[in-house]
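**Q** Take a look at the letters that make up each chain.
Number of protein chains: 2
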Amino acid sequence: MSKVFFDVAVSLDGYIAGPNRGPRNPLGDRGTSVHNWMFQTASFRKMIGLPGGDTGEDDAVVRAVFERSGAYVMGRHMFEEGEIGWPEEAPFHAPVFVLTHTPREPWPRKGGTTFTFVTDGMKSALEQAKAAARGKDVRISGGAATIRQFLKAGLVDEFTLHVSPVIQGAGVSLFDHMAHDDFKMEQAQVIASRLTTHITYRVAR
Amino acid sequence: MSKVFFDVAVSLDGYIAGPNRGPRNPLGDRGTSVHNWMFQTASFRKMIGLPGGDTGEDDAVVRAVFERSGAYVMGRHMFEEGEIGWPEEAPFHAPVFVLTHTPREPWPRKGGTTFTFVTDGMKSALEQAKAAARGKDVRISGGAATIRQFLKAGLVDEFTLHVSPVIQGAGVSLFDHMAHDDFKMEQAQVIASRLTTHITYRVAR
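Going down the list, the protein sequences come from chains A and B.
To convert a position in the first sequence, counted from 1, into my numbering, add 75.
To convert a position in the second sequence, counted from 1, into my numbering, add 75.
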C-alpha cells in the first residue's frame with residue numbers, strides 16, 4: 076500500500092533552510108550547506124539535467140527517494156518559490172498536488188510533472204496523490220509548515236532526516252511549534268555516509 | 076594527547092532537557108525520554124550502583140564514554156542540581172572541576188569523585204582537568220550554556236550526539252544562540268542501535 080512520507084535535510088540545530096528566504100533565495104542564506112551531500116550525487120544531478128556526480132551511499136539514498144515517489148503534495152509557498160526557480164523540466168517527473176486557496180487549471184510541464192491545484196484541503200490532496208501514485212509512495216515535499224500540518228493530522232507514515240554537520244543558527248526550523256505529544260515515532264533505519272547521517276523514522280499510529 | 080569532548084542525548088528537535096527544569100527536576104518535564112536508550116544499559120546502571128541491564132551497542136557507547144573520561148568540567152548550575160540529586164557515591168569516579176564565582180574547598184566523595192571549585196575561568200578549569208586526567212580525555216559535562224561557551228572558545232575537539240526519536244517541544248536547546256560561523260565540524264563516526272543514533276563529530280580547527 077502507498078505510504079506517505081517526507082524526506083528533508085536538516086542542520087544539527089534543526090533547520091531545513093537558512094534565514095532571509097524568498098522566491099529568489101528559496102533555501103535562505105547559507106541554506107545550501109545542509110544539502111552539500113546531495114548536490115554532488117549523480118542522481119540529483121541527473122534529476123536537474125546535469126551529467127556526472129558521485130555514486131555511493133548518498134547517491135543510493137537520493138535515487139531510492141526519487142524512485143519510490145509516485146506523487147507529491149506541496150504547500151503553496153514552496154510551489155510559488157519553485158515556479159520561479161525550477162527549470163522548464165521540473166524535477167519531479169510525477170504528478171504534484173499543490174495546496175492552495177486559488178483555483179487554477181492543471182499545469183503540465185516537460186518530463187512528466189503536472190501541477191494540480193487543490194483548493195479543498197490536505198486530505199483531498201492526499202487522496203488525489205495516492206490515486207495518482209499508482210501504488211508507489213506519496214511524498215510530502217514541504218515546506219516545513221505543510222509537513223507539520225500532515226504530521227499533526229496523523230497522515231505521515233514515515234520520514235527521513237538527512238542530518239548534516241552544519242550549524243544554521245537561524246532560518247526555518249522543521250519541528251518549530253511541535254509538541255511532545257503531537258506524534259510518536261521509532262527509529263527504522265540508519266545509513267551513514269562520509270558527509271551525513273540518513274535516519275528514517277516510522278510514525279507510531 | 077588528552078582530547079576535550081562533550082557527549083549529550085538530544086531530541087529530534089534539539090533539546091537536551093525538557094521545560095520547567097530545576098534542582099528537583101534536573102532533566103525537566105519528560106526530559107527522561109531522550110535518555111531512555113541509556114537508562115537501561117548495564118554500564119549506566121553500574122555507574123549509579125544498580126545491577127543488571129542491557130549489553131549491546133548502546134551499552135558499549137556508554138562504557139566507552141565513561142572509560143575515556145579522565146576528568147570533567149561542569150557549570151555551576153549542573154553542579155548545584157547534581158549536588159542535590161546525585162547519590163553519595165557521585166557517578167563520575169574521577170576529578171570534576173566546577174566553574175563558579177564562589178570559592179569553596181574541594182569536596183571529595185565516595186568512589187573517587189572529587190569536586191574542585193574553579194573561580195578563575197574556563198581555561199584554568201580546562202588546564203586543571205587536563206592535568207588531572209593523566210592522559211585520558213576531558214569531558215565537558217554541561218549544561219548547555221557551558222558546552223556552548225567551550226565550543227565558541229574553540230576548546231572542544233569532538234562531540235557525540237545521541238539522537239533520540241522524541242519530540243521535546245520545549246526546554247533546553249543545545250545549540251540555541253549558536254551561529255553558523257561559531258564552529259565547523261565533520262562527521263567522524265556513526266553508531267546506530269535499535270533505540271538511537273550516536274553521531275560523533277570532529278570540530279575543525
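No lab work stands behind these hints: they were computed from the structure.
None of these values were measured; they are calculated from a predicted model.
Warning: the hint list may mix true and false statements.
A pair holds if it fits inside one copy or across any two, identical chains being indistinguishable in the list.
Taking lysine to any residue and the SDA-like style, the derived pairs with C-alpha atoms no more than 20 Å apart in a straight line are [to be verified]: (1) K259 x A206; (2) K227 x F258; (3) K121 x S199; (4) K259 x N111; (5) K211 x E233; (6) K198 x N95; (7) K121 x P98; (8) K259 x H176; (9) K227 x G210.
**Q** With 20 Å as the alpha-carbon cut-off, assign the pair K211 and E233 to within, between, both or neither.
**A** Cα proximity of K211 and E233: one copy only (14 Å, versus 41 Å across).
**Q** Within, between, both or neither: how does the pair K198, N95 come out at a Cα-Cα threshold of 20 Å?
**A** For K198 and N95, neither the intra-copy (31 Å) nor the inter-copy (37 Å) Cα distance is at most 20 Å.
**Q** One pair to classify: K227 and G210, alpha carbons no more than 20 Å apart. Within, between, both, or neither?
**A** neither (24 Å within a copy, 50 Å between copies)
**Q** As a check of your reading, is K259 near A206 (CA-CA no more than 20 Å) within one copy, between copies, both or neither?
**A** The answer is neither: 27 Å in one copy and 45 Å across copies each exceed 20 Å.
**Q** My question is about K227 and F258: at a cut-off of 20 Å on alpha-carbon distance, are they close within one copy, between copies, both, or neither?
**A** Within one copy only: 7 Å inside, 34 Å across.
**Q** Regarding K121 and P98, is the shortest C-alpha distance of 20 Å or less found within a copy, between copies, in both, or in neither?
**A** Intra 23 Å, inter 55 Å, cutoff 20 Å: neither.
**Q** Within a copy, between copies, both or neither: where do K259 and H176 come within 20 Å Cα-Cα?
**A** neither (31 Å within a copy, 42 Å between copies)
**Q** Measure nothing new, just compare the shortest in-copy and cross-copy C-alpha distances for K259 and N111 to 20 Å and report within, between, both or neither.
**A** Answer is between: at 14 Å across copies they meet the 20 Å cutoff, but 29 Å inside does not.
**Q** First find the shortest C-alpha distance between K121 and S199 inside one copy, then the shortest across copies, and answer within, between, both or neither for a cut-off of 20 Å.
**A** For K121 and S199, neither the intra-copy (32 Å) nor the inter-copy (54 Å) Cα distance is at most 20 Å.
Hint violations for this structure: numbers 1, 3, 6, 7, 8 and 9, all remaining hints satisfied.
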